[in-house]
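First residue of the sequence shown: 3, per the numbering used here; consecutive thereafter.
Rather than coming from a laboratory, the hints here were simulated on the basis of the structure.
Please note that the accuracy of each hint is not assured.
Said to hold, decoys possible - Below, a list of computed lysine-lysine pairs in the DSS-like style, where the Cα atoms sit at most 25 Å apart: (1) Lys103 <-> Lys87; (2) Lys87 <-> Lys109; (3) Lys111 <-> Lys65; (4) Lys109 <-> Lys83; (5) Lys103 <-> Lys41.
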Amino acid sequence: FNIFFSEIHSIWQNGSVIEVIECDDVIQRTYDYKGEFPKFVEGRGGTAFDPVFNYINSNRNIKYDGCIYLTDGYAYEPEIKPRCKVFWVITPDGEVGPHLKYGRVVKIKN
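Turn these sequences into a full structure, and let the hints guide you.
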């Protein structure tokens with residue numbers, strides 16, 4: 003969690019606008035990252051990727067350059083293709099596999 007948000011913070015410091023979408027099997031909350039790590043993250047468990055991709059696709063007024071998706075990877079293959087590239091960040095105890103589509107995958111080491 004801290005490793006992930008450290009990287010998000012660096013991207014934000016370089017001038018990127020970052021929207022955080024917290025999701026398990028439904029979107030729990032969304033907010034713009036403003037330079038502070040969240041004190042807690044809603045959700046956890048019962049992961050589904052499609053709610054986030056549906057959210058991205060339905061917000062036509064926002065141009066998403068990409069989606070950085072932190073997950074353990076334990077979910078079904080998404081049925082919805084997002085309108086941007088995906089960079090999957092898999093937790094150290096997570097699962098990498100062909101179900102992680104539409105972009106690149108990296109697994110965080112212990």
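Hint by hint, here is what the structure shows:
1. Lys103 <-> Lys87: 9 Å, holds
2. Lys87 <-> Lys109: Status holds; Cα separation ~17 Å.
3. Lys111 <-> Lys65: Violated: Lys111 and Lys65 sit about 31 Å apart, past 25 Å.
4. Lys109 <-> Lys83: Holds. Lys109 to Lys83 sits at ~22 Å (cutoff 25 Å).
5. Lys103 <-> Lys41: Cα-Cα ~30 Å, so violated.
The earlier numbered hints that this structure contradicts are 3 and 5.
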